[in-house]
Amino acid sequence: MGSNLITAENLAAGYRDKTVWQDANFAFGRGEFIAVIGPNGAGKTTLFRMLLGLQAPLNGSLEIFDAPPRRGNPRIGYVPQRHIIDSDTNVECLELVRLGLSGKKWGFNPFSHGDHDAAVLALEGVGASELAHRPLGVLSGGELQRIFLAEALVSKPDILLLDEPLSNLDLRRETDLLHQINSVVRTRGVTALLIAHNINPLLPHLDKVMYIANGKVATGKPSEVLTSESLTALYGVQVEVLRDPHGNVAIIGVEEHHGDMV
Amino acid sequence: MTFCPTGFSPNIFYDLQNIWCYEFMRNAFETGTIIAIIAGVTGYFVVLRRSAFVAHAFSEIGFAGASGAILLGIEPIAGLLAGSLLGGLTIAALGRRATNRDTQIGIVLAFTLGLGLLFISLYKSFATAAISILFGEILGISTSDVDLTLVAGAGILIAVGFLYRPLLFASLDEDVAEAKGMPMLFLGTSFMLVVAVAVSFAVQVTGVLLIFSLMVTPAATAQYLSRRPGTAIALSVGIALMATWAGLFVGFYTIYPVSFFITAIAFSLYILVRLARYGIRPKMATQVSKRK
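Quick note, the sequences are listed as chains A and B, same order. With our numbering, the residue at position 100 of the first sequence is 103, and numbering never jumps. With our numbering, the residue at position 129 of the second sequence is 246, and numbering never jumps.
One chain only, chain A, in its complex shape (with noise of 0.2 Å):
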């Protein structure tokens, strides 16, 4: 397994009571980036609580570093899925990030220039150093995202899980943001697992796409994953994946039963 950072066999994912998905094979190596995308409730998120060490799999093997995941490993950063942060809260975005890197560290430490210059840095690698001394409370949802990535990226990590980073973008902050998180997957040679509703725009910059319905998963490149081939195969039931001219897929067949058992 040695050159994959992530590896899962036969994997299972859902609760004591019910599956959400099972039987996923799929193995991430260094510097891709990969689209997880899927109706609501299909168990994306799921799958990073599972990298996070936050929630057990129900059945086969998840390995992170060729070790079964651990809650806490600081070579993953992770960016939740989250609206606004509360529109009162008047600390510095650096602040933020700075605790990204030291947060977990007990002890009274405020002034430390090693900090400091770590989150100024994770602040221009995403392009918001004009941000560092912005309270949090007035930042929109596209400087927010940006924060929330630097804050991730500080502890230089591996992995980088981003859960929905793009909802409630418009268009060209959507843009803005994915270039963003592709130079710093090209640059860093970071992992990056990015939980989205809509692959379209994320099409040219991705490596792999997981598609999550149904209670399975299908990984691969997307030009392998996204044709009516192959989702019907593995669905069992007709799925189309239909293209425009401009290379924009949509996915008709699967969604309607989302959350449902195949």
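Hint data in this document are derived by calculation from the structure and do not stem from the laboratory. Among the hints, erroneous ones may be present.
Stated by the list, open to error - Ranges of calculated distance between the beta carbons of each label pair, as one might list FRET restraints:
1. A:D120 to B:I224: 34 to 42 Å
2. A:D120 to B:L267: 22 to 30 Å
3. B:T306 to A:K21: 29 to 37 Å
4. A:W109 to B:C121: 21 to 29 Å
5. B:L389 to A:S115: 43 to 51 Å
6. B:L206 to A:T235: 51 to 59 Å
7. A:S115 to B:D292: 21 to 29 Å
8. A:K108 to B:L133: 37 to 45 Å
9. B:G278 to A:S132: 29 to 37 Å
10. B:V268 to A:L124: 37 to 45 Å
11. A:K108 to B:V268: 21 to 29 Å
Because the structure is a prediction, the values reported are computed rather than measured. All C-beta atoms, glycine included, are put in the ideal place defined by N, C-alpha and C.
Got chain A sorted already, so can you dock chain B onto it with the hints?
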């Protein structure tokens, strides 16, 4: 017994000499100073975590404890501590989002306040005790109370210093902090207990009902003044000290209660800062209100 002059003069040094001539005023200044510091520090996190209502609940649960203690003939502070620590543990045990359970907390604190009333009425000969617990009695603090407050204050500062970064992180970004494997239940419980102890001692100065004036108002004012937590905490302490010292000073020369002056000064500073900020940055103010 030494002779202590009482008249007010425009010379503040002469006045302070007069005031500190009295042992009860020295005790009041010493206790007030310690409490302003711990209330300013813990208050910052109370405001940041939106736990102001919880802090208030502690003080009212503490009221039942204190009046119960008086009924049993024990030191009121023991009852206050027992009541608010019990309240803190209960709220922490209810779960991480418990601080937002306004309804449940309100129901419990109304009941405990009623319980306190019952205890006080059972102990008829000591009705003034109720007033002093409800509104504070900083002028009646003994030298041994000062020592106890100093020990508790030092303990609180050490605890907050130890918890500082994880607590700040968990307060700003709970989801990421939890995913990073930080002990959220331990953090939440420790913080609740620190606040419970801080509230119990602060009640000596402000009373149960006016606890906001030191635990919340200075910290809320400071958060408008600085975006850096360290600076904001220092400012919060500074404002709490200013309100306490000025309140004691004015209270000494008038017949009105010290607690009133402390609350009035803290409130005036808050209003001033909000007005000033609104004047300086009207653009940002509208941006903030739009996003609510």
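A quick look at each hint next to the structure:
Our hint of 34 to 42 Å for D120 of chain A and I224 of chain B is violated, since their Cβ atoms are close to 50 Å apart. The supplied range of 22 to 30 Å is broken by D120 of chain A and L267 of chain B, whose beta-carbon atoms lie about 39 Å from each other. For T306 of chain B paired with K21 of chain A, a C-beta distance near 31 Å keeps the hint of 29 to 37 Å intact. Between W109 of chain A and C121 of chain B the CB atoms are about 48 Å apart, so this pair departs from the stated range of 21 to 29 Å.
Between L389 of chain B and S115 of chain A the beta carbons are some 34 Å apart, a value that contradicts the proposed interval 43 to 51 Å. A C-beta distance of roughly 57 Å is found between L206 of chain B and T235 of chain A, which places it inside the suggested range of 51 to 59 Å. In this structure, S115 of chain A and D292 of chain B meet the distance hint of 21 to 29 Å, their C-beta atoms being roughly 24 Å apart. Checking the proposed 37 to 45 Å range against K108 of chain A and L133 of chain B shows it holds: the Cβ atoms sit about 42 Å from each other.
The given range of 29 to 37 Å is respected by G278 of chain B and S132 of chain A, whose C-beta atoms sit roughly 31 Å from each other. Between V268 of chain B and L124 of chain A the CB atoms are about 43 Å apart, so this pair conforms to the stated range of 37 to 45 Å. A C-beta distance of roughly 27 Å is found between K108 of chain A and V268 of chain B, which places it inside the suggested range of 21 to 29 Å.
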